[in-house]
Structure formats: C-alpha cells, structure tokens
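Chains as they are written, first to last, in our numbering: chain H, 1 to 206; chain V, 1001 to 1310; chain U, 2001 to 2145.
Each hint should be verified, as a subset may be incorrect.
Across the chosen pairs, the derived CB separations fall in these ranges [what the hints assert, rightly or not]:
1) H:Arg47 x V:Pro1176: 51 to 59 Å
2) H:Asp152 x U:Glu2111: 49 to 57 Å
3) H:Asp152 x V:Glu1274: 43 to 51 Å
4) V:Arg1205 x H:Asp152: 49 to 57 Å
5) V:Ala1247 x H:Ala51: 33 to 41 Å
6) V:Arg1201 x H:Arg186: 24 to 32 Å
7) V:Asp1198 x U:Thr2116: 27 to 35 Å
8) U:Asp2013 x V:Arg1205: 37 to 45 Å
9) U:Gly2078 x V:Arg1202: 46 to 54 Å
10) U:Gly2078 x H:Glu103: 15 to 23 Å
11) H:Glu72 x V:Glu1244: 18 to 26 Å
12) V:Arg1205 x H:Ser190: 17 to 25 Å
13) H:Glu179 x U:Asp2013: 35 to 43 Å
Pulled a few chain H residues facing chain V out of the computed Cβ check, cut under 8 Å [stated by the list, open to error]:
14) Leu25
15) Leu56
16) Ile59
17) Val153
18) Arg169
19) Ser176
Here chain H is said to cover these stretches of chain U; the calculated rule only asks that three of the stretch's residues, wherever they fall, bring their Cβ under 8 Å from a Cβ of chain H [claimed, not checked]:
20) 2100 to 2114
21) 2117 to 2128
Bear in mind the hints are in silico, worked out from the structure with no lab data behind them.
Using N, Cα and C, we set each Cβ at its ideal position, and we do this for glycine too.
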Amino acid sequence: MAVNDHPQGDPPRHERPRLGCGRDLDEVWASIDEPPSAHEQHCEDCRSARASLQNLALITGAMRENDRVDPELQPGSRVREAIMMVARAEIRRGRRAPLSRTELGTIDISEQALTALIRFAASTLPGVRARRCSISTTGPGGTRAPSGDPVDVTDVRITLRVALPSTMRIPPAMVSLRERVGAIVRTQTSITMKQIDIVVEDLYDV
Amino acid sequence: MVQEHHDVGPAGSSRSARSEPEPEPEPEPEWTAEREPGTGEEQVPGLEDLTGSGATGAGSLIASTPATKDPVPAFRSSDSRPSPEDADPEPSTGTAPSRQGGVPEYTGPTSDERSEELDELTIVARAQDGDLQAFDWLITAYQGGIFRLCLRMLNDRQDAEDIVQETFISAWRSLPNLTVPQAFVPWLYRTATNKCLDDLRRRRRRPVEPTGDLGSDPYEDVESSRGRNAVGAPASLDPARQVESQAQMKALAALLQGLPAGPRACWLLREIHEFSYGEIAAIVQVPESTVRGRIARAKRFLAEGMEPWR
Amino acid sequence: MMSDPSVDARVPDLDPVVEQLRSVLLAEPGLVRLEPTVRSTVQRLKLTPVALFQQTFGADGEEPVVSVTDGLTLSLAGTMVNVHIDVATDVDHPALTLSRKLQVLAATTLERHGLTVGTIDVTILSIEEAPRPTRAGDPVPDGGG
C-alpha cells in the first residue's frame, strides 16, 4: 500500500500522502464534517477520499466510544493491587519526627503522616482544598535538612499550598487556617509549630 | 507561638519567599535511558520538557487536559450510569465537573470534602506528597486509557497490563519531583507510549515472536490471537447493527496492527484518546509536523483498508 | 540451613506471641491498622532462601529479626525482645496518646508470655479518618449528571 513506503521513518512534508489532484489528505480530513467544497464536489479523487475517510471516521468514532465502556478493555484488578502494594510499601516515609521517648521506647511520626495530618486539618475548614505541604526545620533562608535527618520537632516550619473558593475572604481564612492546623497538629502529636506559611495558589469558582 | 508569615498571593501565583525556583528544563530523556523500577527516584520532566517542539503553553495544557482526554472521569458527568468499578471507571460524555461514573469517591481527608468535588490538581498535588488515596484515585481515572493504548499498541493483554503497572509505579516514584502537576497526564501517556515502543523494538529483535509481530500479516496475526487478547468487542448497540459494527471494529483493530508503531501510536493518541497534535508531539517527542504526517499516513492506510467495509 | 538445630534452639517460637500481640493491639480503639512496610511486603513476597536468611538473621551483625509481619517487627537482643510497631491511627484519637497506650499493651502482652521486654518503638505512619461504610465500588450516587 502506498503509505508503506516509509514504514518506520517519517517522510518529509512533500511526501505526505497526497491525492491525485494534489491535495494533502490531511486537508480533506480536516473538513470532513463540512459540506464538500466546490472542488471536492467535482474532483473524483476528493470525492472518493472523502467517502473513504468518512467511513473510517464513523468506525473510529464507534471504536472510541466502545473502547471506553468495554469491560474487556480494562486492566485486571490485580494491576491496581500490584501498583498499590508497591506504593504502600515504599511510601515516602523517609524522614521521621521523634515525638516522645517513654520508658518503653521511642514514638515517632513519619514526615508523610505529618503533612497528611496538616492537609487534613486544613481541609476541616469548609472550602479549603489543601494541596502540597512541605516541612522545613531550619529558619528562614536556611537550607532544608537532608532527607535522612530526623525532623527537629522544636523547630517545625511548614509551607502549605491551598486552593480556596473564589468567594472566600482570604485574610480571615488565613487566620482560621493557621489556628486550625496548629491546634490539630498539637493535639495529635504535641508538636507546636514555629511557622505556618500558607500559599493560596489557586482560587476556584463555586 | 506561631510567627505570622503572610505569604498569601493572588490566585494562580505564589509569592512565598521559599517557593521553588523554576527548574532547569531537563534534557529530553531517551526512552532507552529510562531506569528500571526500583532504582530510585526518576526525574519527571517539567511541562517545558513535555511540550517538545510542538510547544503548547502551560495554559493550553491546563485547559485541555480535563476537557479532551478520554480518561478524566472526575471532571465529567456521565449520561449513562456507570458499570461496576473495574469494568467502567470512566464515564463517556458530559462536561460538568463531577466525580461520578464509577470512579471511587475520593474520600480523603475530611467529611466535608466527601460531599465536595475536588479538582484534579489538588488530587495530583496530594499524590505528590505521598497520599495513597489520591494516587489510587489517579489510577482509577487513568488506568483504563493507558491500558487501551498499550493493548492497541501491543495486541497482548498481559504485556499491556505489565506496562500499565510499570507506568504507574514509575509515576508514583516520579510524582514528588513533578514540577508542573498539569503535566501529569501527558507524562503518563508519554511513559506508557515509550514503554510500548520499547517493547515492540525488543520484539522485533527476537527472531520468532508471532504475536504482534508487525512483519506478519496483520489480519492473520490479529485473528489468530483474538481469542486470547480480546481486542475490541462492542458493548451496546442494537442487535442488527451490532454484528456489522463489531465486525468493522474488529477489522479496524486488525488493520491497526499492520501500521508501523510510530504512526499507530500517533493515530491512537489522536483518534482514540483525543489528544491535540501539540500534545502528541510532546508525548512521542517528535515535531508536530511529523505527528501530522504520521497521522495522515495512518488515516490513509486505514481508510483504504476499510474500503471493503463500506 | 534454616533447620540448623543450633539456630533453632536460639530462636524461641514467637508466632503465638505475634498473633496475640496483633489482636490485642488491633482491639485498641483508635488503631486503624498495622501498616505494611517495605520489610513486611518483601517478606510476604517470599524471598529466596539466602535473602530470607539474611532477612531473618541480619545481614551484617544486626540483631536477628525473628518475626516480620505487617506493622510488627520482633527482634531479639540477647534474651530481650524488641518490638517495632508501625501504625495507622484514627484522627478521633490523639496519635501520641494512643501510641503510648500501645507501648504499654505490647509490653504487657510480652510479659504475659514470659518474655523480657526490651524496647517498644512506635512509628505513626498515617493519621486518618476511621474507615467509613461507603467506599469505592459502592454504587455512586447520582449528582450533576
């Protein structure tokens, strides 16, 4: 078939499939949903190409719709299980924050659990969508501790990114957010955070 | 005492003193250079890297991702009621943001949010921070689309499932480094497409490998493996049309296997997964003009091949 | 090599202890689950004997780990049993308070089995809302369609 002249490589522009009348096949395709142009009405090549492409478009559309809902065209449930098992197993729980040393042993919390808790706390305010949250344990301008080092719980500073409803008044929302986040983290972990930076990175319509 | 530190920026901007600097655009990774799972973090390219020479701006990707992608259940409503989760996690039509269509509720973290529709950027952001529930949601939203692309590329269920698995595990490891959350979906498709092409290249090097071998007769090849692979069986049409339509789709699926891998990938991404030319250029990492050429050739090949079915 | 009698003699059978420890801990209100970690996942995937041996008795002089299951690692240091517990907790229960309770429960359970308690460390890997009845797979309510 004509199009197999360049089975792997890509032909230069002038070698792209063209009809006998010289038109680019892409052009015919582009106007396939419109009534045929004057040229197309009279050109045998274009008429035939249009009919052929319309036929393909029809079947392609059927395939597209069918594929989406065909239960056969879904991966088996084992795929998700395998992915989630790996994700669970190697969840980024790298850094730990030591919370307490009792006479029996230590209690710590993973950084990931702590950021999740912060997002949870923020999301208890209606409309607040907590996004990313990072924890730094050095002062402003300092560099973040290496990933292996434990979080210094006496100096926890966080940056939380949120999306808010466009109708929300931001200043009072910031006050409530800081209070809420600070209180919930303290209740759960006894950590009193040094700094809570909140970045409103998106406003969404309600 | 909490030190007040107002870093509140206007919508869409972040003026935090510590907001990350724009990353250097990374060199375009070769598909061959991709690390095996388990070797540690992979760098995820930023959007600039994903757009390739087709250079769509961030804005266009943001705008088009939820609207045009086949697999974005959360942001569409469904006319038809969803089937069970694994059978149909994706609604077919509609535009209103919603979270129906058989997609599991994104339940975390609060009760408030459960009744609320979360935008996808928020979900991606949470997955980036290691939120398993958010990641699980993303799997539900996109595994079907990725699987179908791989299945039509490889014509082998098992291989397609393997690539879905590898792609999402790779995504999990790469998410924290993804600088532009909007790039997540193109990144998924790019990773999966590369893995498919990689797989096909490997198959070609193997001397005897009838399944999916592009050198063999496409009809015979697909027909012989159909029972096993079950590529394409129409779900619901009126009985009379169904037989004909089923046969046509079967024929198209078979024909597809006769297309070279490059044009096949481009055609699938455009016609089945409804990406724009620019997005496809970014996914397969060739110039947009090449994408157009490939798709045009694919269309001609397929249109001619489907002639007997008119 | 796993049946080397000298090794067997050194390692008490901790299976019943682990089993009871697990049920005692999980009965505590506020503990959502014991969290699988890389170690327990690897264990579950059934490693090769050599890897398993290293896993079990320590690759390079670490204390021998005698039992690894999801969220629970028991290891021996001399005659003492050390425990590491990885937990997911319910946000309705303060995580730190709950963790302290779990330490005590674990210690009591070990003692009841006549074991010497070494250290009992707890790592909080997740704080979340307790599982709700409606979850993925349930019919999705109509709304906005």
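- prompt: Quick one: are Arg1205 (chain V) and Asp152 (chain H) within 49 to 57 Å, going by C-beta?
  reply: holds (53 Å)
- prompt: Holds or violated: is there a CB of chain V closer than 8 Å to the CB of Leu25 (chain H)?
  reply: holds (5 Å)
field: Distance restraint evaluation - Gly2078 (chain U), Arg1202 (chain V), Cβ atoms, bounds 46 to 54 Å
entry: 53 Å Cβ-Cβ, so the 46 to 54 Å window holds.
- request: Please test the hint of 43 to 51 Å on the beta carbon pair from Asp152 (chain H) and Glu1274 (chain V).
  value: With a Cβ separation near 49 Å, Asp152 (chain H) and Glu1274 (chain V) satisfy 43 to 51 Å, so the hint holds.
Cβ separation of Glu72 (chain H) and Glu1244 (chain V), checked against the hinted range 18 to 26 Å: holds (19 Å)
- request: Kindly confirm whether 37 to 45 Å is satisfied by the beta carbon distance between Asp2013 (chain U) and Arg1205 (chain V).
  value: violated (52 Å)
- request: Evaluate the given range 17 to 25 Å for the C-beta pair formed by Arg1205 (chain V) and Ser190 (chain H).
  value: violated (60 Å)
Agreement of hint Ile59 (chain H) with chain V interface, Cβ distance less than 8 Å: Hint holds; Ile59 (chain H) Cβ to chain V Cβ min 5 Å, cut 8 Å.
task: Evaluate the given range 35 to 43 Å for the C-beta pair formed by Glu179 (chain H) and Asp2013 (chain U).
output: violated (52 Å)
task: Could you see if the CB distance from Ala1247 (chain V) to Ala51 (chain H) stays within 33 to 41 Å?
output: violated (19 Å)
field: Distance restraint evaluation - Asp1198 (chain V), Thr2116 (chain U), Cβ atoms, bounds 27 to 35 Å
entry: Once the Cβ atoms are compared, 55 Å apart, the range 27 to 35 Å for Thr2116 (chain U) and Asp1198 (chain V) is violated.
- prompt: Are at least 3 residues of the region 2100 to 2114 of chain U within less than 8 Å of chain H when you compare beta carbons?
  reply: holds (count 5)
Hint violations for this structure: numbers 2, 5, 6, 7, 8, 12, 13, 17, 18 and 19, all remaining hints satisfied.
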